[in-house]
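Novice: Build the complex from these two chains, which are given one at a time in their own frames, with help from the hints.
Taken in sequence, the protein lines are chains P and B.
So that you can map any letter, position 149 of the first sequence is 149 in the working numbering, and since no number is skipped, the others follow by simple counting.
So that you can map any letter, position 416 of the second sequence is 416 in the working numbering, and since no number is skipped, the others follow by simple counting.
Hints were generated in silico from the structure; no laboratory data involved.
Backbone N, C-alpha and C define an ideal beta-carbon position, used for all residues, glycine too.
Be careful, since some hints might not be right.
[Claimed, not checked] Just some of the chain P residues that point at chain B, by a computed CB distance under 8 Å:
{"no.": "1", "residue": "G78"}
{"no.": "2", "residue": "G83"}
{"no.": "3", "residue": "N101"}
{"no.": "4", "residue": "S114"}
{"no.": "5", "residue": "D115"}
{"no.": "6", "residue": "D117"}
{"no.": "7", "residue": "S173"}
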Amino acid sequence: MNQLDDSESTLRTTMAKALNLGMRRALTDDPKVLLMGEDIGSLGGVYRITEGLKGDFGAHRVRDTPLGEAGIVGTAVGMAMRGYRPVCEIQFDGFTFPAFNQITTQLAKMHARSDGDVPVPVTIRIPSGGVIGSVEHHSESPEALFAHTAGLRIVMPSTPQDAYWMIQQCISSPDPVIFLEPKRRYWLKGEVDLLRPTTEDPFTAQVVREGDQLTLVTWGPLVPVAMAVAEAAAQDGKSVEVVDLRSLSPIDFDTLEASVNRTGRMVVAHEAPVFGGLGAEIAARITDRCFYSLEAPVQRVGGYHLPYPPAGMEENYVPDLDRILDAVERAFAY
Amino acid sequence: MTPTPNTSPQLLDPHDARATAGTGAHPATVESALDVVRLLDENGQRCENSRFGPWVEDVDVQTVQSLYRSMFRARRLDEMCTALQRQGQIVLWPPLRGQEAAQVGSARAVGEHDYVFPSYREHAVILERGVPADQMMTQFRGHAASSWKPSETKTHIYSLVLGSQVPHAVGYAMGITQDATLAQLAGESQPPEAAVLVYYGDGASTEGEVHESMVFAASYDAPVVFFVQNNQWAISVPFSTQSRVPLATRAAGYGFEGVRVDGNDPLAVLAVTRWAVAEAREGRGPVMIEAETFRLGAHTTADDPTKYRRTDEEQRWATRDPLLRTKALLNHEYGVDQDYFTDLEAETDAWIKETRAGILDGGPQDLEQRFDVVYAAQHPLVEEERQWYRDYQDSFLTDGADQSLAGSDDHSVTEAGRA
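For reference, chain B alone in the conformation it holds in the complex (with noise of 0.2 Å):
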């Protein structure tokens, strides 16, 4: 039989953005009555905001200039991480281009005893945590499983199966809450108030357990903030796929509260962090923020957005860009000239040189060091293919090496063999 050729006329894919943008077909959004926080206009004004403003009054220019610095940094990392993905030197890399504001402004408003749950695209969080760029990227060369330890960064390791850090920073969050309470028991001091600040974004929005995770937070009043950066595409999925309604709106469903958030705008997403932060720690949490923002760069260097998504959309997002907002916000108000940026740029290009330097000094370790970490105690199997593996890489002959199979264990090396 012959197939029947499709003559059915082609449907409007309702959420397909390049087909449907500016159709009006997008499927029925809820507006929601939650309004975004904004304390920069798109041309680093300053807009008025009586419940956030009050929560930046002490930020003065060198504040400012900080927050630009960091976020220019991250920048110009994001972009030599590609270009070195692009070179081989990088097996991935999921550029943060668009949401720098979103990153260093939230990660500004956490304190010395709270505690970060990243996702993978947090590379500004990371460095605003203290570690170094070039440490932070053997884990995308494929050195290391990690780059940091959680334990001396109060940071946890990058998170690639979406949304599942986020159940680990409530219980961490619930930890904080029992910390006090068994203090409380026991007559001791109370330990010091704390917070966790846990990223995830739009499409990992729609996981079960990212669900869970507000159910769970909810119910043992944890003291954790969730941070979505909502930067509109996950992966080639538009956001309108994912929700009807902006996602902070999701937490009156869960009886706590949501913030929307200008998720260019750094001073708002520090006012809002800071607050929420102190919400958590103060035992009035949890808290949503929702940071709007726009991933500017591809999801990854194995992405190619130009098949999902319009460049007018990109153009339109690009007039936003939270680097240009700030340094406006600079030249206007404080009146921070040239120089300056200038300075900036030569320091930043000599970090750059230095860091990428310091990327390409370092290897693999051998694969041995994962049968040293995959149990906290020993383990009879893990020592008995660790052996497996000695055997089979000490029966190869090594250059001016005097390894000749009759003075080994000629056993072992068939069991290797075997193995």
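Isolated chain P, as found in the complex (with noise of 0.2 Å):
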């Protein structure tokens, strides 16, 4: 079996590469951990997170299953019933919905409705988002549909290195965990520390780049995005504070409100249509938490309330560098 090289802890490689490698570990770590989804055998997935793991964990760990997203999730709750943690990959964000039903009203609900006598450990990977130039249904961002139902976790990495264990530590995870990709930046690099203790709680929002004049949080493909904002703002003289949310629930408000507490502004930004949005209910208990520091409303960006559009008209769709540098000073000019 293709073991990791240990004697290597630290490789530069992408995101796709890493949840390959986390999803190694996680399969060689329990025996009780499997793969299942379409084409994610043979074909290694049509993103081809899954290569090569078929051939060296066998076709019982990860399974090729029959083109049915529902199946799919029921089938994984129940094996979970008996034991198993499965991994279930949906091919593309918009093809949850036929499984929408399993996920909602089954997996998130089993473990109360069981009176906390069934936990079901499943992880649900969906390659999500948009700027792909791909069909329809192929570039939405569903989290706030997830993150209404209790019961379930919500979470995105947007680098290489929190993919590698955020992976993990969800397929460990005794609740069901919706876990998101950023596709249009599974060929981003950075490093991975493959030696990095993976104790850390996935379910946490961290500072990735600190400022003191407004606090811009995001999560997923728009971290880099966030980031050349920021970088801008300060070429403009505005100091901008970007934490990655990466766990859209639960939300970690208390790193969220000890920034807003330091910098007084707040951009929310997401691919996700701003109506009812995360965007709102992170603006909602921030207003709640930090009422007195604020020194403007917290502003909002995201998509459109609107289907996603056809691949030629989705760069005014989602935002870009501009339209949040636009949010950021709409914050500035109260």
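Specialist: Here is the structure:
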């Protein structure tokens, strides 16, 4: 079996490879872990995230399933009841919805419905977000639909390092986790320290750039954009702190509160539509917690209240550097 | 503009059993080549069946009496629970009347290593699985989310989203197979053979998840028995709206065997389910069983069958009552006399009285229990909102308690009020 070479503890690699290495380690460490999904075996998944795993761990642990998302999640729930830790791949964000019933009425609620008797440690990996120039249903950001459902945890890493250890942490979580993967960042490279302890709590936010005049919070695919926004704002004399939220349920409000109490301003950016999005919840809670520190209302920037548009129009739909910078300026205008 | 009155002739609804009964106007129904397996006729006389008869050769008078006793107790419990709902003691009750043989016969076929997934009307199955009757009612009382522990009873909780439990059963069965594979690869001894028995109904058979379950079960040779109780009515919609063909014939389309059984014949149900569970355990699954039965009562206590089905249909099925049939078998074949039935009634009366007291004894837990179970691991949002809940509850003055607001945390009280 292709074991990890621990003598080489740090490597520079893509998020795609980091996810692959993270799942490889989870499969190695725990025989109860298994992967399920469409095309994840011989093909390695349409994004090749599971490439090579079927060959190394066997078809009984890396299962090419029949084509049915409700069947994938529903049987994963059953396997979890038998003591397994299934990791399901949904091929694209927009194809999660055939499994929506199983995720929201069964997976999310099973622990509560059984009064705590039936834990369902299932991880559902969903390549998420847009700007990949694709066809309909391939570019969506469904996180708010899941965040509204008690019983689920939701994370979205933005770096190869986080992807590597967070996937392992989520697989060992006793709760079900929606693991959103920022598909347009799959080929983003970064340092991955394979020996870094993976005991860190994955359900926390991280300050990824310090600043003292405005807190810009975002997650997944927009984190690199937010870093560029902070750089551009700095050239304009504005000091922007960037927080990578990482965990979308629960949300690490303590980190956000501490940041806003220092900066006095907040912008929330996400690809998902603004209306009813996670930005609304963050704005409400931060307004409650930081009312006397705020210099301006929390500003939100995100998708419009439209179905995700055809690829030729998407660059005007998803917030980019300029639109986020515009929101930053709105916050400073008060 | 005045609306045009509807002058079109009234069309016969081909799915309205009340309108079409006896008219031959049902949609074309493909008569199945599958015979309905029956070991007792409607008068409780034995029928020959060379394939399935041997599966109940061991059944003696004690076994039949025991089957009858379970069916009788389930019916009496069902009647009491319907009454309790009318008295406002139970929030809702789905009666099982008429389906006792399908449930008791099938539940008797599974063993200690097998796992059962019920739908929500399988009260006789739950009793067979050893759950005390009064405990079983906490969910329908609205006092608990579920009434028994799957980890102890090897019986999953009730599922009210129709068909949602069927893929779980398949996944569980895939896990049984995976256990054997992992043991084999590790050079360990094989775990005991086991199968999964999952219940659903004719209405749920239409759900897409049930279809996907069949596909997955076939793909992975899952040791699962799909047990569909076709009670002819999905609330108000007759079976002819769900399917043109007997449901068991669908199994062939997935590549496994389906068997139709007279669901009001406890011996036939026991025989067919024993066979099916053995097939599944020994790696020849999955298997589908369609038990043809009839819901003699309402869908739930919120339902009114007089609005959608004819009394002659109910009367026809009442003559096929599984209890009457089993009683006739006991009378004719085993010469069981009236004393047995009189004693059983007395014993059941006492049990019902005791059970009723047990049901009425309990109350709901505090809402705070729900904060404990929503996640398995600690969750900051839940803990924050649990505190809101506590603060709000504590903001009320209780009798005899000295809870002056001055002595409490004013800020948190305000926060709670806002929450």
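Novice: With reference to the structure, classify each hint as holding or not holding.
Specialist: Here's how the hints hold up against the structure:
{"no.": "1", "hint": "G78", "result": "holds (2 Å)"}
{"no.": "2", "hint": "G83", "result": "holds (7 Å)"}
{"no.": "3", "hint": "N101", "result": "holds (7 Å)"}
{"no.": "4", "hint": "S114", "result": "holds (5 Å)"}
{"no.": "5", "hint": "D115", "result": "holds (5 Å)"}
{"no.": "6", "hint": "D117", "result": "holds (5 Å)"}
{"no.": "7", "hint": "S173", "result": "holds (7 Å)"}
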